[in-house]
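Visitor: Generate the whole structure from the sequences, applying the supplied hints.
For the protein sequence lines, the chains are A and B, in the order given.
When we follow this note's numbering, the leftmost residue of the first sequence carries the number 1, and every step to the right adds one.
When we follow this note's numbering, the leftmost residue of the second sequence carries the number 1, and every step to the right adds one.
Hints are supplied without guarantee of correctness; some may be wrong.
Distance condition first, Cα-Cα at most 25 angstroms in a straight line; then the derived SDA-like pairs of lysine to any residue [as the list claims (entries may be wrong)]:
| # | chain 1 | residue 1 | chain 2 | residue 2 |
| --- | --- | --- | --- | --- |
| 1 | B | 20 | A | 164 |
| 2 | B | 15 | A | 165 |
| 3 | B | 83 | A | 170 |
| 4 | B | 192 | B | 106 |
Derived Cβ-Cβ restraints for the label pairs, each shown as a range [to be verified]:
| # | chain 1 | residue 1 | chain 2 | residue 2 | range |
| --- | --- | --- | --- | --- | --- |
| 5 | A | 132 | B | 56 | 25 to 31 angstroms |
| 6 | A | 92 | B | 116 | 49 to 55 angstroms |
| 7 | B | 14 | A | 31 | 54 to 60 angstroms |
| 8 | A | 131 | B | 232 | 46 to 52 angstroms |
| 9 | B | 67 | A | 31 | 28 to 34 angstroms |
Since the hints were derived computationally from the structure, they do not count as laboratory data.
All C-beta atoms, glycine included, are put in the ideal place defined by N, C-alpha and C.
What follows is each chain in one-letter form.
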Amino acid sequence: MNSSSRIAAKRYAAAYDNLSKTTEDAIRRAADLAVAAQALANVHTWLNAPEISLAHKQETVRAALKKIPQTASFVEVLLEAKRYNLLPQIVQEVQALADKRENLLRAEVFAAQTLSAQEKTNIEATLSARYHATVKAVFHTDKALLGGLKIWCNGELIDGSLQSEFARLQELLTK
Amino acid sequence: MAIRPEEITSIIQEKIAQFKPSADISEVGTVIQVGDGIARVHGLQNVKASELVDFGNGIKGMAMNLEYDNVGCVLMGPDTQIKEGGVVKRTGEVISIPVGKDVIGRVVDPLGLPLDGKGPLKAEKNMPLDIVAPGIIDRQPVKQPLQTGIKAIDSMVPIGKGQRELIIGDRQTGKTAIAIDAIINQKNIPEKERCICIYVAIGQKQSTVAQVVKTLTDFGAMDYTVVVSATASDPASLLYIAPYAGCAIGEYFMWQGKDVLIVYDDLSKHAQAYRQMSLLLRRPPGREAYPGDVFYLHSRLLERACKLSNENGGGSLTALPIIETQANDVSAYIPTNVISITDGQIYLESNLFLSGIKPAVNVGLSVSRVGGSAQRKTMRKVAGTLRIDLSQYQELAGFAQFGSELDKESQRQIARGQRMTELLKQNQYAPLTVAEEVLVLYAGTHGYLDDIAVAEVLSYEKQLLAFTRAEHKEVLDALNAAAELTAEVEQKINELLDGFKTVFKAGK
Numbered sequence: 001m002n003s004s005s006r007i008a009a010k011r012y013a014a015a016y017d018n019l020s021k022t023t024e025d026a027i028r029r030a031a032d033l034a035v036a037a038q039a040l041a042n043v044h045t046w047l048n049a050p051e052i053s054l055a056h057k058q059e060t061v062r063a064a065l066k067k068i069p070q071t072a073s074f075v076e077v078l079l080e081a082k083r084y085n086l087l088p089q090i091v092q093e094v095q096a097l098a099d100k101r102e103n104l105l106r107a108e109v110f111a112a113q114t115l116s117a118q119e120k121t122n123i124e125a126t127l128s129a130r131y132h133a134t135v136k137a138v139f140h141t142d143k144a145l146l147g148g149l150k151i152w153c154n155g156e157l158i159d160g161s162l163q164s165e166f167a168r169l170q171e172l173l174t175k
Numbered sequence: 001m002a003i004r005p006e007e008i009t010s011i012i013q014e015k016i017a018q019f020k021p022s023a024d025i026s027e028v029g030t031v032i033q034v035g036d037g038i039a040r041v042h043g044l045q046n047v048k049a050s051e052l053v054d055f056g057n058g059i060k061g062m063a064m065n066l067e068y069d070n071v072g073c074v075l076m077g078p079d080t081q082i083k084e085g086g087v088v089k090r091t092g093e094v095i096s097i098p099v100g101k102d103v104i105g106r107v108v109d110p111l112g113l114p115l116d117g118k119g120p121l122k123a124e125k126n127m128p129l130d131i132v133a134p135g136i137i138d139r140q141p142v143k144q145p146l147q148t149g150i151k152a153i154d155s156m157v158p159i160g161k162g163q164r165e166l167i168i169g170d171r172q173t174g175k176t177a178i179a180i181d182a183i184i185n186q187k188n189i190p191e192k193e194r195c196i197c198i199y200v201a202i203g204q205k206q207s208t209v210a211q212v213v214k215t216l217t218d219f220g221a222m223d224y225t226v227v228v229s230a231t232a233s234d235p236a237s238l239l240y241i242a243p244y245a246g247c248a249i250g251e252y253f254m255w256q257g258k259d260v261l262i263v264y265d266d267l268s269k270h271a272q273a274y275r276q277m278s279l280l281l282r283r284p285p286g287r288e289a290y291p292g293d294v295f296y297l298h299s300r301l302l303e304r305a306c307k308l309s310n311e312n313g314g315g316s317l318t319a320l321p322i323i324e325t326q327a328n329d330v331s332a333y334i335p336t337n338v339i340s341i342t343d344g345q346i347y348l349e350s351n352l353f354l355s356g357i358k359p360a361v362n363v364g365l366s367v368s369r370v371g372g373s374a375q376r377k378t379m380r381k382v383a384g385t386l387r388i389d390l391s392q393y394q395e396l397a398g399f400a401q402f403g404s405e406l407d408k409e410s411q412r413q414i415a416r417g418q419r420m421t422e423l424l425k426q427n428q429y430a431p432l433t434v435a436e437e438v439l440v441l442y443a444g445t446h447g448y449l450d451d452i453a454v455a456e457v458l459s460y461e462k463q464l465l466a467f468t469r470a471e472h473k474e475v476l477d478a479l480n481a482a483a484e485l486t487a488e489v490e491q492k493i494n495e496l497l498d499g500f501k502t503v504f505k506a507g508k
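Guide: Below, the structure is given as structure tokens:
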């Protein structure tokens, strides 16, 4: 995706987010858009096909998303503006805006072994204290780390893995 | 020599003991696009302009474009190992170069990595490349001469310590030769007054740089010279930072009260490297496709040349930027920019070069705006009217070509001009001391050459210098010591020249 498309996706996301008056509303709308994107993923090619008329596409979207009419309208606008292909990026941006309203940060945690529930809770609590925000982490296992943790959160990389410790030691010994 | 395993073990143990394990926390972004030496990075929200970023595998980059949703970085190494989605770390540092007295005599790249195979540099500190030039209060006017050892330049286009004198001309007109001669000539100057020299090669062939280093080594000039090299095979980013790296090394010595001479060879290629980077970063192109800030690119570099006040140690940084013109066109974009920034220019002309006048300095178009006040009084007295005399000669020589009858005075001027033009010719790598220059020019301007055939002028000069060095060294010493050309010194010179005339004529 090029820079102008990313900027356009951010602008559409901001417009969609502005429809929400409260944080709860924004969270609900973000969830609605994610559901809509997931539901329409199977007909992505059809919705992008030029031989299908815009009216037909809009009618289909309206029918498919009739339980979430405002989200359906938003998708119809995207179709009309020929920006439907930006939807996956817009979903991410809307989610980021909702998280910001909620003071929520998302983290990805890589560990060499599977962590216990208590360890996971401790990690989230430590990160929450560090960033002064609620942190929701997704946990992965990566045996290449050998030990320790590697955490991606709030644009930062906290690397306390044995793998990187060994790399630094190697650098020190070979310098 | 036997290897003792215990020694190696103890070294390793010592190093391991120094190692402090800790979690590495850094602000990171991800590469979204890479190619042509440019990477676009998503994230790095707090990165600063010109900050160094780490792409891993030892490859660094510099944040150049801070945009709405990405950061445009120029890479300081090959981009083949960088992949989309790769992690980029902030370093929190601006780009800097290791400096110290051990840098002298070395050949380094713009990041301070040695290229001469003489082992790692022992740096005393790191100097940031892009520093704001010293302000008005920190400076004093240019007042000390910087001798190049080239008669035509020291007499007519004098350079002062702290000046910025442009060397401009087409390809193969002897631009680099003048700069190299100026460096070699520092060997003739007492160590106390000698400049530390920095030669910055920008976008040149590696073979050319190797040749320059060899020449400097052969003449013993590497003892006080640093070569900063970013060759044509290096990325544009290295070419872009090369002059700033050289300048940072020079400033380190300048702030220690030393005199420094820096040669930027050449700024045309520097501007081209910056144009390449700017276009790839999608900055809007302007005249000749150069970006809008190409003037600032050179002005902020050359403004760093200065003569510091006595309170700041009195050090100086003299800059000799070189610009290559196309078909003698000095009105192109980059030449006019640099002409307007510098304190004068030495204009070399291919026609003069091809007609055998070397150095091919065009006297009419060459000028030194501040060097005159720094010129030694002995030289000023001898060469005071030389420029005007030569200009008048060129004008009269034009008339003489039409075969018109000329009066005696005009004929005398033409004869004098022909001899002076011949006298100002000088071989490469043969710089003269200031006393020798004064002596030779004195002979020319005081009519001692008038009855010598034009073809014999150079032979006369050569023999005069050999004769004086061998038998009348006291005249050269007197000229070196004299603050002014007093009657007493003039009498000594006259006696020497009268005596030599007899020797010269007898030897023919």
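Visitor: Each hint: holds or not?
Guide: Okay, the hints, checked on the actual structure:
{"no.": "1", "hint": "B:20 - A:164", "in the structure": "holds (13 angstroms)"}
{"no.": "2", "hint": "B:15 - A:165", "in the structure": "holds (14 angstroms)"}
{"no.": "3", "hint": "B:83 - A:170", "in the structure": "holds (24 angstroms)"}
{"no.": "4", "hint": "B:192 - B:106", "in the structure": "holds (21 angstroms)"}
{"no.": "5", "hint": "A:132 - B:56: 25 to 31 angstroms", "in the structure": "holds (30 angstroms)"}
{"no.": "6", "hint": "A:92 - B:116: 49 to 55 angstroms", "in the structure": "holds (51 angstroms)"}
{"no.": "7", "hint": "B:14 - A:31: 54 to 60 angstroms", "in the structure": "holds (58 angstroms)"}
{"no.": "8", "hint": "A:131 - B:232: 46 to 52 angstroms", "in the structure": "holds (48 angstroms)"}
{"no.": "9", "hint": "B:67 - A:31: 28 to 34 angstroms", "in the structure": "holds (31 angstroms)"}
No hint from the list above goes unmet by this structure.
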